[in-house]
Structures are given as C-alpha cells and as structure tokens.
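Protein chains: 2
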Amino acid sequence: MTDGPTTSASFEPLSPTSFLERSAEVYGNHVAIVDGKFTLTYSQFFDRARRLARLLRESGVQRGDQVAVLAPNNHVLLESHYGVPYCGAAIVALNTRLAAAELAYIVGHSGSRVLVCDPHFEKMGRDVCALADTSLHLLLADDEYERQLADGPFLHELVLDERGLLALNYTSGTTGTPKGVMYHHRGAYLQSLAMTRHFDLDSSSVYLWTLPMFHCNGWCFTWAVTAAGGVHVCLPEMDTAAAWRMIDEVSVTHFCAAPTVLLMLAASPDARPIAGHSLQVAVGGAPPSPALIQTCERLGLDVTHLYGLTETFGPVAICDWKAEWDDLPLIERSRHRARQGVGNVISQNLRVVTLDMDDVPRDGATIGEIVIRGNNVMLGYFNDPLATEHAFFGGWFHTGDLAVMHPDSYIEIRDRAKDIIVSGGENISSVEVEAAIASHPAVLEVAVVAVPHEHWGERPIAFVVVRDGHQVTEREICDHVRRVLARFKVPDRIVFSALPKTGTGKIQKFRLREIAQSLEPEHGRQRDEQ
Amino acid sequence: MTDGPTTSASFEPLSPTSFLERSAEVYGNHVAIVDGKFTLTYSQFFDRARRLARLLRESGVQRGDQVAVLAPNNHVLLESHYGVPYCGAAIVALNTRLAAAELAYIVGHSGSRVLVCDPHFEKMGRDVCALADTSLHLLLADDEYERQLADGPFLHELVLDERGLLALNYTSGTTGTPKGVMYHHRGAYLQSLAMTRHFDLDSSSVYLWTLPMFHCNGWCFTWAVTAAGGVHVCLPEMDTAAAWRMIDEVSVTHFCAAPTVLLMLAASPDARPIAGHSLQVAVGGAPPSPALIQTCERLGLDVTHLYGLTETFGPVAICDWKAEWDDLPLIERSRHRARQGVGNVISQNLRVVTLDMDDVPRDGATIGEIVIRGNNVMLGYFNDPLATEHAFFGGWFHTGDLAVMHPDSYIEIRDRAKDIIVSGGENISSVEVEAAIASHPAVLEVAVVAVPHEHWGERPIAFVVVRDGHQVTEREICDHVRRVLARFKVPDRIVFSALPKTGTGKIQKFRLREIAQSLEPEHGRQRDEQ
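Taken in order, these protein sequences are the chains called A and B. In this text, residue positions in the first sequence follow our numbering: the first is -11, and each later residue adds one. In this text, residue positions in the second sequence follow our numbering: the first is -11, and each later residue adds one.
Just so you know, the hints here were simulated from the structure itself, not pulled from any lab data. Check each hint, because a few of them may be wrong.
No copy is singled out in the list; a pair is fine if it fits within one copy or between any two copies.
Under the rule of at most 16 Å between Cα atoms (straight-line distance), these lysine to aspartate or glutamate pairs were calculated in the EDC-like manner [said to hold, decoys possible]:
no., residue 1, residue 2
1, Lys25, Glu134
2, Lys111, Asp314
3, Lys310, Glu13
4, Lys25, Glu462
5, Lys310, Asp190
The shape of chain A in the complex, shown without the other chains (with noise of 0.2 Å):
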C-alpha cells in the first residue's frame, strides 16, 4: 500500500535546504540577508547557493563530500549551508575561536576536500592548511569567488536519503578531542520547523545573529529563519553597540544567546527599552539569572530559556512559559523561567532516568540523567564507533546531564555528572549553589567547582566576576547565600577573578578545579561553623 510508482508522488525527502527553494518563490524579491552593507533577496540567494554548489564541483566536491567552512557570522557561512548541500556534500561549520592545530584535526578528521575561507581568516585558513594532512583545496571567498557567484549555471542536486548527512558539527568539548556529530536532513528539517513554531518564525521576522552560526549550525535557525522567509541579519562580530544599533536600524525581533552573551547586551550602555516592536530572546547553555531575568523585563526582552546539546541540533526542550504564571513574583517567575523545561513540539520522548534506566518519579527532588530519543537526535559520532555506542547506550542518547523531573514534567538541571558536589554524604548541586550566588546584585559571573577536603570528601569554592560599580565581600556573598540555602552548601571560599573560558564561551571547570585546589589553605573557616 505504501510503495509502488502510483505513490511516489506522496513521498519527498525531507531536507532543510527546501526551504530556500520555497523562499525564492514565495519571497522572491524580500530581503533575505543583511550582512553590513551588503543585501541579498531570497531570489539572490538561491542563486548563489546554486552558483556556490557548481563552484565546489569545479573544485572536485562530489556526492557524500565534506566541505569544511571558515567565516564568521556572515553571508558566505549562511550561503554554505545551502551551497554546500546542493552539491551533494555535508558543512563543516568551523568554531573560528580555535587555534590552527584544532582546526587543523577537525578538517582532516573530517575528511573535508574544500575549505571555504573568508578573507577575514585568510591567514589562519592558510595555516590550517599548511597543517592539514590531507589535501584540502582552500577556496577564499575574495572578489574572484564574489565575480563567479554573480554570474554563471546553477548546481542543484536531490537529498537522494532524507536519513544522509546534511552536516558535522565539532562539539568543543573541556578536554578530550573534539567529536563530529552528524546531522541529518530529516532532523535539521523538523527542529527548523520546531523553531518557526515555537518562536512564531514569519516573513516578517527580523533574526539578529548573535549565536555563532558554527553551534549547532545557529540551532538549526540558519534553516528556520529561511522557513519563515524571515531576514537574515548577520554580525560577524559579537560587538554589543553594533548589536544595539541593528536592534534600532532594522527593527530586530528575534536572537538568540547564551546568557553571557545576554548578560553583555543587557549590561552594555547601548542597552535601552525595546519600543515599537516585540523582541524574542532564546536563551541556552545555562539558566538565565533572577537578576539578568529581571534587567531583560525591564528592557522590554521576551525570554524564553531553551536547553539542548549539539548531538540534539540545538534546542531539544523548551521552557515552555505558561500565562498562570505571569502575575508570580520575580524569584518563583525566575525559578519557572530558569527550568529547562518540556521536549519542544517535535520532540516526544525527553526521559530522566536513573542507572537502570527507570523515570525517576516526577517529585522535582530525585535526580537522574536526560536520555533522549527522536528524529532531532544525531546520527552518531562520525568515525568514532565507540564513543557513538557508549552514547547511545541502552537506545537512548545520553546526555550526561543530571536533572530533576517536576510534577508538571517540567525538567530542570541539577548538574553535569561531574559537576556535583559531594559533602558529607550529601549531594551538591554546583548549578543550585551559582544560582544563589548569581542572586547578588553586585554578581555578574560565577562559577562553582569541588575541590577536594581532607573531612567532607569535597567542598564547593566558588569564582566570582563582580559587576561593573559594584563591590562585594566574601563574607557579604556567603550571608547571601546562607540566606537561601542549606549552611553546608555555603562554598568554602569566594575567589573574586575572571573565569577562564573555551572558545565556544563555556567555563572551563577543570581549570577551576586546578586553580582551586593551588590556593593556600584558610584555615577551614566555614568548615568550623559547619
């Protein structure tokens, strides 16, 4: 009944690049892409996508190819992740804050042929080259690539399996070497659709690229936005007053973040109230704080707090805002607001399980692992056999994330596995303890990290940013947390200093960790109040 040539008809593969196809047709002469002085329509685009695909295959890409990408948050990375499939071939959206020796084992791992290099990164992409085992083609997008995007037959080729690779995304993990995950055109699709849905995603969407399009490939918005024949507007570099000034110039209603970056915009003297227009903000990779919750409400910023990892295609819950909570007080609105919530509308089965793989009973206090299923999983790690199987164990992807499940399904993070904290017996939340601490005014950054103790086993130090005409004691900070919770989770010191990061903007714990455990000891202060 389901096969045969009479229906194949009802049967088209599913891939996010038809989206673009439907665009140029129905959006033909809209703006599609704003990328300084530079603007494309969605007619324009498509054509150079198609252009871009012939150029690949000139440069000996073929069907089941990988082609590496190096550029920032602009027009030819966003052009990429259309070209780049036209030709048959996945995008390797390159992390540009790493070094030439990282980039270097992701396009050979990779097995990229091309490496498609913005000017911007004409050094670096040369280096990467020079160090690359392979031979890669570097094809710099400079005035020549410009004059054969302008002009010339178009390349389009069919998604043959709607199940094939689409994309590799390089996760940028703490330590280890960086693994490939595989997208496929199916999942890329859905999740595209989960954000028009979720985000109310139409043509007269404005979307500001603030998350680098090499996460995730933009969760998977440098597909959605074209979906909803939305515009484009591209910011190659995280600057906070050029960010303020497309929000104003082009009427931006829609970005994403994570909170850091959040926290700059909104900190930032550019910062004013939104008027005249709504302003979407997705926020992901950590909970939003009170406070940050609190300054994006007054600048008139419609948060939503999203959560997911790069092996989900981004966003694979949503904290899914209900209007009976509108009219709470700030800190139960921020305590909603901060729960990574429900599985968005494509993703059915968001599980927390303990090591047996049972659901933890929904009491908002028993914690285990997020394990997933579904169409927005990846495929695997690519060439990585071992790591895909340790992944996938049991059927379900895991997460390594500890959560707790609440009696109106809502999950909520309590740590990365190795991120508790454990006291004497008890468990300790480092994500509980920087969100009580993140509850100061005077608090813009922290960070909670075990370190080892001769008595309880481990003690939480914390690394604390303070904000810009604040001060604040130690002594202050720990009253302060006292106040919300248990004494034992009061963190045995406060080290006021800059948080190392990786290039990706994650806190690098471990070096916490080792800057911890280097401090001189305080004569167990905290402990003798314990």
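Knowing the structure of chain A, use the given hints to seat chain B on it.
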C-alpha cells in the same frame, strides 16, 4: 552510516497522534476540549483516547483494520482521531449529511469493522448497519461507553510505519461513487505542523469547530490544535447564534470555513465586531468575494484564503498575505486575497502545467492544470488502483483544477476542467463570472454554468441568491458584470433561485446544468448584442 542499532535513537516514525501524548505531558491540566457543558483537560483527553483504543480492541478491532465514526463535531469524533490509531486502526470519519445507503456503501467499501456512533445519530447508525453487507459492530457512544472511557486500562499501539494508513476520507464527488482517500501518518504530521506555523497556533489558541471534522479530518486541525496545546471548542451543528456566542464567551481565536459558512456567520444578526482578541479565519473551498472580505474586515476578522483537496490533507496552498498589500484599495486587496496562493511551508512541489507536463509561463494568463507532489499527498484511493493510477499520471497528483501562474509565483484557479465555458472559441471561466456577479452588493451567492448554444457552442447562465432585504433585476446584474468583464462573458440569463448543494455544501453544478437546459429560451437577447 544511517543504519544499525546505535542510530535507532535518532529515528521515530512521524505520527500526528504523538502530539496528544506531548500535550498531555506539557498541558496536562489545561482545557483541551469544550463540548457544551462537557470539558476535558489534555490529560483526560489522552486517557480517554487510550481507553477508547482498548474498547475498540475489545470490540474485535485489530492492527490494520478500519473504524468508521458517525458523530457530529464533538468530543466523540475528536477522541476517535486518536483512539482509533492508538488501537492500530485507521479512522473513517463519516459525512453526517449523507443518506443511509451512501454511508452503508462507505463502511462496506472501507471494510470497517466497527461503527462508533454518537447517540444523536443512533437511528441512522442502525440503518447503516442493517444496510451494510459486511458484519459491522455498532459501538454506541452512550452512558455505558462513557463509563468505560472514564476508567480502566489503556491501549496505545506504537506507529510502526509512518507511511502507513491513518485515515480514509471519502470524497463526496458530485457524480460517481465516493472514493476513499488514504492518509498516511507522515503526511498528517507534517500538514499539522504547517497549519500551526501558518496560523500561529499555540497554547493560548481557542479553535472553534465550524468546519466539519469529516472534511479532510478538519483540514488536519484535529491534530494541529492538539500539537499547539490549544482548546478545541466543539460546535455540533453549524448554528450562527451559537457560533457567535462561543466567539464571545470563550474568546475564540481561530476557525476554518468555506465562504458559504463564513457568509452565513457574517450576515447573521448576531455578528458583531471582534473586540479584545484577534480572530483568524481560514477560508477554503472557493475564493472569498470582495463583499465578503469587506464585511470580514469590518467585523475585525483576519481572513486567509487556503486551497486544497481531500487528496492533499486539506490546505496544500495558502494565500500568504504580504504587508506590501495592506494599503491597496479594497478591490485590489480582494483580488490578491482571492488567489489560491503558494505552497504551504511543507509543500515544495505545486506546479501549473500544460498537457505535456511543461510549466505554463508565469504570465497570469496561460491556463494549465495544478499538479502536486509531496508529503501531504494521499497514498492513493483505497482499493481503487485504476482511479489511483489515473490521478497520479506521470508521477504527479492531478487536481483537475485549471489555473494560471502569476509572475509572483501565486497561483489562481480559473476553473475546474469541466467548468470551463467555451464560447465562440474563447474560454470563459465560470469562477471569473461568479466573482464579478458576487461583487454586486445585492448578491448573496451565485453559481455560473454552461448551457449548449447552437451558434456559440456554450454560453454562461447564472443562478443568483439575493441578499435579505435587497432587490436587484437581471438587467442590473448584467450591467454590473459588463462594467468589469468583456461583453462575451456576460451571462445570457440570470435565474433567481436557491442553489442545490451536496451534503458537504458544494454547489451541485450538474444539477444547475440540467435546470439551465430545461429553461424556456429567451429570444437570445444577450446574443444579439454580441
């Protein structure tokens, strides 16, 4: 790369029935269904659907069977859209306006094992069972049924094949025996996501069931509203007073309707401008007239014109409104809104082609047939390989609708193949003449058909229903048409009479043709002027 046990976690069959599972999780204690005094939360909705599946199994329904449902637009029919598939069977939602013999044909042809019957239709249900030539178990949705649905074990079969059968929708053609259009899970899932996207359905949406659920499963809104977590407001009978009362009482945000139904609602003495919330109306089946659009604008209804067929899960195209049209004069706005539009977000392949399957030029003038491929196309006609082969000739689904392609990629239907009037070698679109007549303020409804003519081959005749409290003469209408259309398109005669309709409200043009041919000749008055 795409196979093996490690990647099974990245593939789940798509089925719209999974949306209820998610909404029961996320919106468990939100209202899902309002049906008179009967109100169900999403959690209760999900429980009842799983108990209905069990009840069906107890009645002998097995995986792969069909289950027919005879019910008004109420909770019984809505629950069946989940309960039947949860039992592994396909739902056959029966048109309640058909006669017993017609329904007996459908339950027989579909091979339905059980007929779920609302008590309101008990007599009809028993008549159908008596007439059906297969043994058919009648499951009456009476008090005992309610008791069984209120308690007891669940059944929830997994969907094994996303291209498997979800529903059969029998087309109510004006001639010939009804054909069973086969819906697959994948198509209904994607179509539901497309509807949530184009109508901004979310958990604050309140959807009024003016459209019969037996029409393409309510254009897939039976699943789309659930996907959004919105409220289904049942309207067992189309009663304009009740509809307006619900619009007020529960602040309805969305409904779907044919222009005839929208006309009834807008012309009702209960009609009043919407205040305090927006009301989006999806109109399909025929283009809304300028007068109707103007009335809707005055009432504050936001009208979107859709185009689709039973074979395409309902709306395959949408007349996507562009902000640049907002300030056009009414007549221009109406012209834009009357176009069938562009493929919806999941419909990539909508073409207007010649007999040789070449695309017609995008000139807004050359007429071709609309053909469609894609995931929201039926599998075929149930147990009718010949009709299926015919419909999918050349690998595309043939709609039989004749249209032009405008330069901006919007399609506009000019006629059904059989409704084209060929007069003196010129094609006259009956739709075009109908639109011209409908734009007269005194005209409530109109249908134009061809009558044979010895000199010209065919000539148009119009049947007109005059708006209450208005008067108009044949001459006035003809003068009105002459002002906007070429003289040869003016109908030879205007007949003031009610319009015969099918059970689903389609005008029976074949009946009108018969009436037209039986009319006394009128001295060929209009002809002499030509």
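Hints, one by one, checked against the model:
1. Lys25 - Glu134: within (15 Å within a copy, 66 Å between copies)
2. Lys111 - Asp314: neither (51 Å within a copy, 50 Å between copies)
3. Lys310 - Glu13: between (36 Å within a copy, 14 Å between copies)
4. Lys25 - Glu462: So lysine 25 and glutamate 462 fail the 16 Å test inside a copy (49 Å) and across (60 Å) alike.
5. Lys310 - Asp190: Close across copies (11 Å), not inside one copy (22 Å); limit 16 Å.
In summary, the structure is inconsistent with hints 2, 4 from the numbered list given earlier, while agreeing with the others.
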